[in-house]
Amino acid sequence: MTTVPWLTILAVVPLAGALVVALLPKGADLLAKRVALAFSLLVLAGTVFLALQFSADATTQFQFAEQHDWIPAFGVSYAVGVDGIALVLIALSAVLVPIVMIAGWHEADNAVGSVKGYFALLLALEACIVWVFSATDLFLFYVFFEVMLIPMYFLIGRYGGPRRQYAAVKFLLYSLLGGLLMLAAIIGLYVVSAQMTGTGTFDYATLVGLDIDPGTQKLLFLGVFFAFAVKAPMVPVHTWLPDAAGEATPGSAVLLVGVLDKVGTFGMLRYCLPIFPDAAAFYAPVIIAIAVVGIIYGALLAIGQSDLKRLIAYTSVSHFGFIVLGIFAFTSQAQSGSALYMVNHGFSTAALFLIAGFLISRRGSTLIDDFGGVAKVAPVMAGLFLIAGLSSLALPGLSTFVSEFLVLVGTFTRYPVAAGVATLGIILAAVYILWMYQRTMTGEPGDEVRSKVTEIKGREVLAIAPVVALIIALGFVPQVVLNVVNPAVERNMVTVGVTDPPPQVAVAIEGGSK
Amino acid sequence: MNIGTAVFAQETVLAPANGTFSLIWLLIALPALGAAILLLGGRRTNAWGHLLGVLMPVASFVVAAFLFAAMLGQPAEERGAVQHLYDWQIVGAFKVPFSLQLDQLSMVFVLLITFVGSLIHIYAIGYMAHDPARRKFFGYLNLFVAAMLLLVLADNYLLLYVGWEGVGLASFLLIGWYQYKDSAAVAAKKAFIINRVGDFGLSLAIMFMFAVFGGVTFETVNAGIGSASEGTATWIGLLLLLAACGKSAQFPLQAWLFDAMEGPTPVSALIHAATMVTAGVYLIVRSNAIFDAAPTARLLVLIVGCISLIWGAIIGCAKDDLKKALAGSTMSQIGYMVVAAGLGPVGYVFAIFHLLTHGFFKAGLFLGAGSVMHANNDKINMRHLGALRTVMMITFVTFGICTLAIMGIPPFAGFFSKDDIIKAAFSQSPVAGVVTLIGAGITGFYMTRIFLMTFLGKARWEDDQHPHESPAVMWIPMVVLAIGATIGGVLMWPSHWLETWLEPAVPYQEHAQTLPEWLWIIITVGTALIGILWAVALYRREVPVTPPAGSLLTRAAREELYGNEINETLTMLPGQVLTRSSVFFDNRVVDGFVNGMAAVVWGVSGALRTVQNGFARSYALTMLGGAVLLVALLVLVRL
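Read top to bottom, the protein sequences are chains A and B.
Taking numbering that gives the first Met the number 0, the leading residue of the first sequence gets 0, the next gets one more, and so forth.
Taking numbering that gives the first Met the number 0, the leading residue of the second sequence gets 0, the next gets one more, and so forth.
Among the hints, erroneous ones may be present.
Stated by the list, open to error - Straight-line alpha carbon distances no greater than 30 Å define the calculated BS3-like cross-link-like pairs of lysine-lysine that follow:
| no. | chain 1 | residue 1 | chain 2 | residue 2 |
| --- | --- | --- | --- | --- |
| 1 | A | 451 | A | 375 |
| 2 | B | 180 | A | 456 |
| 3 | B | 94 | A | 375 |
Calculated from the structure, these hints are not laboratory results.
Quick caveat: nothing in here was measured; it's all calculated off a predicted structure.
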């Protein structure tokens, strides 16, 4: 165990960066960008360092743990620490923030807000992300769960597209509604803990250890779950996402859909299941049904979109259905699959949004029908877009396939019908991705495309190449991430008190199968 | 159907690969490396890209030949080996290795893929000589070969799936090679999506395997299948059949195959002979233990094979596009293989035998068709061809040999392999026997028609056509394939070598011979001759340049027996309705409700708002107010 507060440092660095960038003189845009990028790379380096220190088979649940009293009167403390799942999600955002900055180098140049403001907000958001994933005190988690909204609100509302105000307010209202219910549930939980132990607490381990009465669990679960379902987002509380992601700059959309939304599914896995195991088991069939509906419904909506960014947003609605399905299937394969899915989806969505962003900024339109024939004028960009799309449709050999299949196979062992219906999603995914590819990339380019759409540039390649490399590499060596998340999932399963269903037929092979 | 006393030989555990067999990974790595260099290297590799592209599959073939020799040097039971490369994914009991398995069945596929694949690569040097992106084309071809090799070398179903989909991706890229043409782009997408329907089956089959057997390696599944219920085996079998139908273009998932002709002709040769469509047959034969335990599933395999056999053959009779007629023929010939696989241990070996001979003569036919296109300014409508015999002697002869082979005329390879299937079919099911026999007659008809319209008769060339023989780099592969199509029968005759070779990996059971051999030859060759003579009678005279109206069946066959229309009515139209109504529902109902609520809330809060303003403040206040309310509520309920 280390005494250096690594996690706090990891969160303070981007926060400090945000302040430094914000305090830079007006007009020093290039300097602001460079400083911001430097800070984000520093965070990335720190995360890599931390990940290397992380021990996958440690006996304690949280590593790099810190704890300090904050509001002792209410049992609130500043407590942070990460398990494998939190670590990989922090790593995801640490990788994506610099990529988003490089890809969106000119994203804020003509916005209402200042350039330095944009980059400062990105760093502030990153700080919140580190805290929200590493909090081990429920109140601390809640604080950052809410505070996180503010930088995102401004990123959408000041730097987004024509309907940015509507989108930002909608995003905020939805999140606030969820947050409010969560606050109520958390306070309820505090009251319950006070009743059961004598002193109220928000400490994660203590709350997990409580054996809360099932009736109360069901009530409190709903409050917390609703907040996470909005954030994830699950059908039918998903309609803020296409607006928010459609109006946000591509970079903000990446962080919104790729990282921020993961707080919802992360929360389900981290909080809903271990604290309310009975309630989770009670609601699981309903949630699974909603998740499966989300997979199919989101995919159908994606097929029907005419706007590039909204289409990508709807594919995420479908993908979040898979993640939630895996979480509530209560098998180690499905849950590890979901955890891995959160990471992989971050990369694949990033690739899609960023390349869509390159296309949109060139062509000056987000409508799919305004493209066509791009492959002829910008073949490399078309090729990269195809790889991003293939990763979205979970092509075997790419990282997303591993996670999607783990979710499905894990779900199948407990809920075969749900898994069967969800698997239909792979056909629909091929339709929405390949049809989008066909409409934007193939055919003879029109005059506008021919004159405006140019081949991908060096800076853009620099941003996309690492993402594509990760998508391919994690398809072949997913175990790198699985080794880190598996112990956290196993612990979760033990806490909830479930085990994987055994195979129907006991197979004994001499020599054993690897 | 009798399962009889089939020998379930595959229960033997394969040894870890060492010595020479530690080279197995190279088989895939070489073409994969080629693809990586050619696709990442960009323009820098233009000058020598095609040479590297050819070198890689050839090198892979050399490794394969080396491994084959090493296998021959081992006793039959010890020939298989598994090379464990690393642990691919492990979560709880779900342990999937990245392991390659080279046994007798994989070996014949590897040899076919690398040998025929290499010939097609060589041919493509000439065929694609004028394409500015030839280097990229070779990158895709290498990817195709690498994926197909992974498919046949994987030691578990999940890894097989990676190769399976890799093949699908490569075919998508190559069918859509001329992607600036809308027809090509649509054809590529269609192939991928229809294949995804098959993937749905494969995915679920693998999930079933894990749930039932706790593992997805061939070894685990084969070991456990005996203890599983017949219902389970049937489910898995049917799902695998769905997968096979997609990849192998069998009824009802055949529609993509005809449109796939949008790709350059070497691609068609690769798809139809060495890779892709043979994958479904491989999957069924590889999963023989499952189908042996599931008679219903196996019966359905037989039925699908019978329908596809006739369906493809009928389409082949009516198409005026040379390549599309050959595509119909592929569907039909793969149908033969599926029929054979559906016969169980009586037929597995013959399915593989026909797959090998077909690999030669169908590749030869497609390369011949490519040579014709190359010589005729890309004209492929046979009504504008004719009399090419006079100007393309080598293409004429090699195409002719392959035609004789596919029609089942002795002593060419197809005669042996098709005869074996017909005889085996009659021994198990008279209906299947009759279907395969009728199929042989129709094959005689459509191949004769193709041959007459293309090479014989009067020249119906248009002004821009100046036919000439193709360069040596193109005709040499055609000659090699024609030689293979001529002597390929030696695999089974006179020594039954293939049967003995495959035995440890693929169970074989001899079927009862009801008729003497000479009578069989008279029946099968006689049936083919009827088809041939019928076609000669119809097409020996002048072929009209504009197609005649034709009978109802001819018109239906030209439209691929309305396969596309059926798909559209059953899936696309309902899908479109569902999509549109979902979008409407989401915008108007789901989001509409929310926006309506928001309007109400804004209205109310607007009325309540007095001095305070600003978002953050009202937010904090709402939050506080709500919290107080709820705490109060909780306290009231609890205390």
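Tested hints:
1. A:451 x A:375: 13 Å, holds
2. B:180 x A:456: Given that 30 Å is the threshold and the Cα spacing comes to 26 Å, the pair holds.
3. B:94 x A:375: 43 Å, violated
The structure fails to meet hint 3 from the earlier list, while all remaining hints are met.
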